[in-house]
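Asker: Letter by letter, the chains look like this.
Protein chains: 2
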Amino acid sequence: MTLTRDDFLALDEQDILAPFADEFRIPEGLIYLDGNSLGAMPKAAMERAKHVIEQEWGTDLIKSWNKAGWFDLVERLGDKTATLIGADKGEVIYADATGLNVYKLVAAALEMRPDRKVIVMEGSNFPTDNYMVQGLIKQLDRGHEIRFAEDGEILDAIRDDVACVCITHVHYKTGHLHDMAAITKKAHDVGALAVWDLCHSAGALAVDLNGCNVDFALGCTYKYLNGGPGSQSFMFVAKRHHGKAMQPLTGWWGHDAPFGFERDYRPRKDIRQFSTGTEPIVSLAMSEVGLDIFMRADMGEIRKKSLKLCDLFIQLLDERLGGYGFSLATPKEHDRRGSQVSIYSDKGFAIMQALIAADVVGDFRAPDIMRFGFTPLYVSYVNVWDAVERLKNIMETNAWDKPEFKKVGAVT
Amino acid sequence: MTLTRDDFLALDEQDILAPFADEFRIPEGLIYLDGNSLGAMPKAAMERAKHVIEQEWGTDLIKSWNKAGWFDLVERLGDKTATLIGADKGEVIYADATGLNVYKLVAAALEMRPDRKVIVMEGSNFPTDNYMVQGLIKQLDRGHEIRFAEDGEILDAIRDDVACVCITHVHYKTGHLHDMAAITKKAHDVGALAVWDLCHSAGALAVDLNGCNVDFALGCTYKYLNGGPGSQSFMFVAKRHHGKAMQPLTGWWGHDAPFGFERDYRPRKDIRQFSTGTEPIVSLAMSEVGLDIFMRADMGEIRKKSLKLCDLFIQLLDERLGGYGFSLATPKEHDRRGSQVSIYSDKGFAIMQALIAADVVGDFRAPDIMRFGFTPLYVSYVNVWDAVERLKNIMETNAWDKPEFKKVGAVT
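Residue numbers (our numbering), protein chains in the order written: chain V, 1 to 412; chain C, 1 to 412.
Don't read these hints as lab results, they were simulated from the structure.
You may find that some hints are simply not true.
Identical copies go unnamed one by one, so any copy, or any two together, can satisfy a pair.
Stated by the list, open to error - With a Cα cut of at most 25 Å, we get these calculated DSS-like pairs of lysine-lysine: (1) Lys406 - Lys173; (2) Lys67 - Lys347; (3) Lys173 - Lys308; (4) Lys407 - Lys67.
Bear in mind that the values here come from a model prediction, so they are computed numbers and not experimental data.
With these hints in hand, go ahead and build the complete structure from the sequences.
Answerer: Quick look at the structure:
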């Protein structure tokens with residue numbers, strides 16, 4: 001039976017997550033399928049920012065380090081995030097940016113495996129992870145090398161010369177979901193450590209770090225967690241490594257007595273050692289608003305809706321857009337994908353520009369991938385239908401074939 | 001002739017910087033002498049934050065990376081900051097936090113002097129600089145060492161085994177101003193490089209990096225530059241080192257083609273190589289508001305008023321608070337101090353708490369220093385008189401000698 005728009009409206013009627021959409025600001029008429037790049041703004045974020053700026057900074061000034069708990073914010077947000085990624089209290093901290101945290105965690109892992117020189121990474125990963133590790137091993141100059149492996153090759157690449165694997169859980173381009181349990185187990189079997197990048201999985205699906213016995217992880221908060229543009233990254237360090245794993249960017253926030261102003265560094269023996277120094281507080285505090293919405297939502301329901309949204313999008317592409325040379329980059333199997341659908345098309349750049357002009361925002365990744373992210377807290381079922389309809393209209397009328405849609409600009 | 005409150009009111013009448021005070025939010029009745037720790041809030045910061053949050057994030061969403069110039073913000077703010085520190089366009093960039101930038105710049109300097117193993121630092125400096133360099137040399141494990149030297153010993157410590165000096169221009173505790181020209185010259189004379197930390201001088205006095213032939217510098221924006229709590233740090237790299245000096249925290253924002261998503265790192269050949277990755281945009285954007293105020297103020301006038309405020313504070317302490325065991329930690333000579341006055345007192349902690357309770361906010365640094373920062377854009381002459389009067393009252397009535405003023409809490 002062919003699907004109709006009414007079927008999607010009916011699904012929205014029954015959707016127990018539907019009320020969450022009201023908590024986000026989405027411009028009238030816009031279908032926003034780019035929450036995997038920059039999550040939408042929780043309406044309460046403005047109120048929180050106003051309080052932090054006018055009351056905590058403007059009025060309470062320096063007292064806010066204690067009174068407003070600025071110094072402890074990195075741990076409080078960490079504890080909340082822990083509940084979304086299968087970690088325990090005290091295992092997660094907010095600090096700096098994802099690239100820096102990749103550096104810290106891989107550096108800590110390498111120091112724990114001094115006799116091994118290989119890091120297994122996915123060459124097609126979002127490149128900053130690779131760049132940071134390339135910078136690290138060049139700097140160390142002790143003969144380390146990255147063994148690049150793609151999806152099917154990763155398990156084989158993990159051999160007994162490997163110090164650590166550093167893999168992004170969900171691939172930024174294809175939406176492919178890696179098997180965290182199997183890769184981590186293989187790493188441990190050969191005596192290596194596992195570092196997971198959760199940029200495209202935290203908030204998109206239930207991650208089970210401790211269930212998979214993961215050693216280290218990090219992730220970003222401005223995608224599925226709706227923390228605001230460039231909001232800080234989080235890190236996970238398994239409790240068994242606390243006081244043993246040490247990161248080298250040793251700032252005063254990671255000191256055992258940060259307010260003792262001692263001359264020499266003495267590391268904290270817990271997750272706080274992984275922080276460095278003073279964080280941009282307004283951005284950090286605002287990211288708690290996005291997180292607090294997740295504290296009230298059920299991650300199982302989020303995943304269920306995410307899979308359904310993606311399934312339906314794939315089905316409609318099949319049914320309604322058969323003749324336009326699109327092919328799926330994202331696996332169809334549920335246990336093999338995150339919360340996005342990526343499509344190959346050699347005209348992808350122009351088509352995406354035309355879609356954006358038609359108020360359907362996804363994004364494009366060179367050379368030929370159109371990405372559509374599905375964020376169940378504020379994307380509805382009827383959004384899926386309407387997005388495909390607008391895409392169909394663009395293809396039928398060749399609306400993408402205009403010079404203004406072919407001008408290349410920076411995208412992220 | 002003894003000074004009276006009327007003398008201070010008269011000075012305020014004549015003060016050409018006085019109108020700037022209206023641009024900052026200072027709670028009614030509060031005398032805020034802690035702008036050297038956390039600068040006051042420019043009133044326009046809220047409006048700017050609201051625009052970034054509601055319009056750029058909430059409405060324009062992902063488009064803002066181009067439309068609102070988020071990606072270029074780090075350079076635009078850098079160019080503005082350059083005018084305050086004697087740097088040229090293209091030599092300054094915003095990125096990350098001060099500690100991380102110390103790490104990057106010292107790492108770059110060490111790589112340029114591979115045969116030298118000594119870094120000269122001030123042991124009594126704000127410790128995060130020392131901690132970061134300790135972390136770096138431990139990680140490099142190539143026999144580097146820090147040669148700690150205090151004020152009078154620094155020039156002698158710079159010998160031909162030195163790779164770089166890394167000194168904070170104005171000392172965080174004492175307010176002592178180091179001779180940037182002489183120390184940089186001595187470094188160059190022995191073949192070393194000079195890294196300057198401007199945390200307590202940028203925005204406090206006219207810094208002349210290129211006039212002093214400085215190699216690298218960094219500074220913070222949440223003190224004298226009023227960027228907001230924890231707002232990002234800036235870095236200076238002299239143009240002659242661009243493309244040669246390379247920092248090791250190599251993220252995608254420092255890549256030659258950040259949106260090419262290449263697998264391997266290829267460094268930019270300019271200041272941008274010193275950035276790493278996505279910055280917390282709300283905090284970053286807000287810090288432009290503080291900077292824009294400086295674009296309209298004359299740094300010569302700021303310095304003149306700063307010295308006068310400090311001179312008067314010192315004079316009043318002398319005249320009116322002679323019998324209470326206070327002694328000056330800050331040099332009296334103008335060319336030897338920044339924009340703060342620090343006082344030794346073994347009862348300093350409790351006295352500062354009592355002062356704060358009396359709405360005069362300075363801060364305390366263990367074991368025995370009370371700090372008073374003078375920020376000419378929003379501190380008036382009469383604030384100086386009133387602060388000393390309240391301190392006098394506290395001393396005369398022993399108001400500091402209460403249990404609630406002796407409880408130690410975290411301060412920053």
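Asker: Determine for every hint whether it applies to the structure shown.
Answerer: Against the structure, the hints:
Only within a single protomer do Lys406 and Lys173 lie at most 25 Å apart by alpha-carbon distance; the minimum there is 21 Å, versus 57 Å between protomers. In this assembly of identical chains, the alpha carbons of Lys67 and Lys347 lie at most 25 Å apart only when taken from different copies (24 Å versus 55 Å within one copy). Taking CA atoms no more than 25 Å apart as the test, Lys173 paired with Lys308 passes inside one copy only; the shortest distance there is 20 Å, against 59 Å between copies. For the identical chains of this complex, Lys407 and Lys67 are inter-copy neighbours only, at 15 Å across copies versus 51 Å inside a copy, given an alpha-carbon limit of 25 Å.
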